[in-house]
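*Asks:* Following the hints, complete the assembly by docking chains B and C onto the known chain A.
Residue numbers (my numbering), protein chains in the order written: chain A, 27 to 199; chain B, 27 to 199; chain C, 27 to 199.
Take the hints with a grain of salt, since some may be wrong.
Where chains are identical, the list cannot tell them apart; a pair therefore holds if satisfied intra-copy or between any two copies.
As a list, the in silico DSS-like pairs of lysine-lysine whose alpha-carbon atoms are at most 30 angstroms apart [claimed, not checked]:
1. K74 with K182
2. K134 with K74
3. K190 with K154
4. K134 with K154
5. K154 with K71
Worth flagging that the hints you see were computed from the coordinates, not collected in a lab.
Here is how the chains run, residue by residue.
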Amino acid sequence: MIRQQSETDRQFILENMFVAVMDNIFLLVLVTLLSVVQNVFFALKVEKECTGPHSKPHSAAFERLSCANRNCMDTYPTFLAVLWCAGICLSQAPAAFAGIIYLVVRQKYFVGYLGQTCQSTPGFLFGKRILFFLSLMCVVGIINHLMLSYGGSDYKEYIQTITKAASTLLLLP
Amino acid sequence: MIRQQSETDRQFILENMFVAVMDNIFLLVLVTLLSVVQNVFFALKVEKECTGPHSKPHSAAFERLSCANRNCMDTYPTFLAVLWCAGICLSQAPAAFAGIIYLVVRQKYFVGYLGQTCQSTPGFLFGKRILFFLSLMCVVGIINHLMLSYGGSDYKEYIQTITKAASTLLLLP
Amino acid sequence: MIRQQSETDRQFILENMFVAVMDNIFLLVLVTLLSVVQNVFFALKVEKECTGPHSKPHSAAFERLSCANRNCMDTYPTFLAVLWCAGICLSQAPAAFAGIIYLVVRQKYFVGYLGQTCQSTPGFLFGKRILFFLSLMCVVGIINHLMLSYGGSDYKEYIQTITKAASTLLLLP
Numbered sequence: 027m028i029r030q031q032s033e034t035d036r037q038f039i040l041e042n043m044f045v046a047v048m049d050n051i052f053l054l055v056l057v058t059l060l061s062v063v064q065n066v067f068f069a070l071k072v073e074k075e076c077t078g079p080h081s082k083p084h085s086a087a088f089e090r091l092s093c094a095n096r097n098c099m100d101t102y103p104t105f106l107a108v109l110w111c112a113g114i115c116l117s118q119a120p121a122a123f124a125g126i127i128y129l130v131v132r133q134k135y136f137v138g139y140l141g142q143t144c145q146s147t148p149g150f151l152f153g154k155r156i157l158f159f160l161s162l163m164c165v166v167g168i169i170n171h172l173m174l175s176y177g178g179s180d181y182k183e184y185i186q187t188i189t190k191a192a193s194t195l196l197l198l199p
Numbered sequence: 027m028i029r030q031q032s033e034t035d036r037q038f039i040l041e042n043m044f045v046a047v048m049d050n051i052f053l054l055v056l057v058t059l060l061s062v063v064q065n066v067f068f069a070l071k072v073e074k075e076c077t078g079p080h081s082k083p084h085s086a087a088f089e090r091l092s093c094a095n096r097n098c099m100d101t102y103p104t105f106l107a108v109l110w111c112a113g114i115c116l117s118q119a120p121a122a123f124a125g126i127i128y129l130v131v132r133q134k135y136f137v138g139y140l141g142q143t144c145q146s147t148p149g150f151l152f153g154k155r156i157l158f159f160l161s162l163m164c165v166v167g168i169i170n171h172l173m174l175s176y177g178g179s180d181y182k183e184y185i186q187t188i189t190k191a192a193s194t195l196l197l198l199p
Numbered sequence: 027m028i029r030q031q032s033e034t035d036r037q038f039i040l041e042n043m044f045v046a047v048m049d050n051i052f053l054l055v056l057v058t059l060l061s062v063v064q065n066v067f068f069a070l071k072v073e074k075e076c077t078g079p080h081s082k083p084h085s086a087a088f089e090r091l092s093c094a095n096r097n098c099m100d101t102y103p104t105f106l107a108v109l110w111c112a113g114i115c116l117s118q119a120p121a122a123f124a125g126i127i128y129l130v131v132r133q134k135y136f137v138g139y140l141g142q143t144c145q146s147t148p149g150f151l152f153g154k155r156i157l158f159f160l161s162l163m164c165v166v167g168i169i170n171h172l173m174l175s176y177g178g179s180d181y182k183e184y185i186q187t188i189t190k191a192a193s194t195l196l197l198l199p
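In isolation and in its complexed conformation, chain A is listed as follows (with noise of 0.2 angstroms):
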């Protein structure tokens, strides 16, 4: 009987549980501690356009920057928020790999940022793509959650590969 066991099976059970979470996260963090480093280069960047030797507080270049920056993380809620529903609800990979795809086109975003101010606003100008493909993941996962539930029919693994083979499509420009 299990439940005569209970502290040592607690123990165990606990331990796994804890390896399975890192085991399904760990990729999800990663693709996050990057996302902060970027986020850390861009906050540095304005800083240093802004109390340089040669800085004026209202250059051109100074709200471009500021501008490029803001748009950046105006976005950043929502990419987090579809990156790790989507790493939770179906898989990691796919999910970190268009994370991490979504951390490039931002960095090209931010570098090749051009400045005229009412380009600045819409930040989703940018990796849009990518958020869709996270978005449907998501909405995949909970189709197969649901079905699983009441139908009993669990398609994740096939979902999975499909998904993983998808996801270098969006390595296509």
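*Replies:* Coordinates of chains B and C only, in the frame set by chain A:
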């Protein structure tokens, strides 16, 4: 003995664990996805106003939309944080329900935004009651957990029933 | 055999699982709630400055508060992300402690904000050391997990003890 069946058991525990985790978060994931769709809708609105044929770079309409968008984005991480904490600590159904009401309030706020500059900063003007309700759910969940850990009494089921009933009060205008 | 007691076991595993999850996150939830309260405090300050009897729409004081608020909000998702990753990957107590110190630093930053426009952009000026400490915790947690998975050695307890001791170093000015 459990430890002698380690590999099979680990598999069994993990399968159950992921079904259980998904059971307890899929409504939160759905609300998060809805909020992401809304964010993209807001951003596209701003983008359209900005790049449309009749747009001027610094027109009043553009400033208004941009400001409403920024206020919504400013409170977005706060909303996500309390939504997920409340859903995990106590019960997902009332949290998701409150989240959906928050999204409706945010939609109304964005559409009906008057655009006076001074009104633009306090993004918390909308949905204060909902954020308070979600925070309260977190606090109750933590208190219940501490009582369960140190006292042994578990009122979680009663509290969940009360919370579900209380969440309908959010529908009051 | 475990599989023959499936329904009872599943119940038993789930009960233990949720107690265990709450055991490992309730401090993080508390810190998150505190940060939400602080966010609301900041927003109400800005709102009061904006709609008060002596306020002017574009006064210096208003710009100052609005700018401080925006800087705090810009770094908020980054802070939440590293706080939760560090707390889940390694140990919640030092992460929550660092989080509380971050909130104190943020409060000081908001209250003492001087409001020169150029200072306003680099929101990362405050709490860099804390964000670095939390990121380090994530990295150490992931390395430990990989060593446990592939090598078999588990230093998690030693590392947690060291982390707890190291977190007090954050108190140094």
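*Asks:* Next step is simple, just say for each hint if it's right about the structure.
*Replies:* Okay, the hints, checked on the actual structure:
1. K74 with K182: For K74 and K182, neither the intra-copy (48 angstroms) nor the inter-copy (39 angstroms) Cα distance is at most 30 angstroms.
2. K134 with K74: both (19 angstroms within a copy, 23 angstroms between copies)
3. K190 with K154: The answer is within: 19 angstroms in one copy meets 30 angstroms, while 36 angstroms across copies does not.
4. K134 with K154: Both, since 14 angstroms and 25 angstroms are each at most 30 angstroms.
5. K154 with K71: Result: close both inside a copy and across copies, 25 angstroms intra and 15 angstroms inter.
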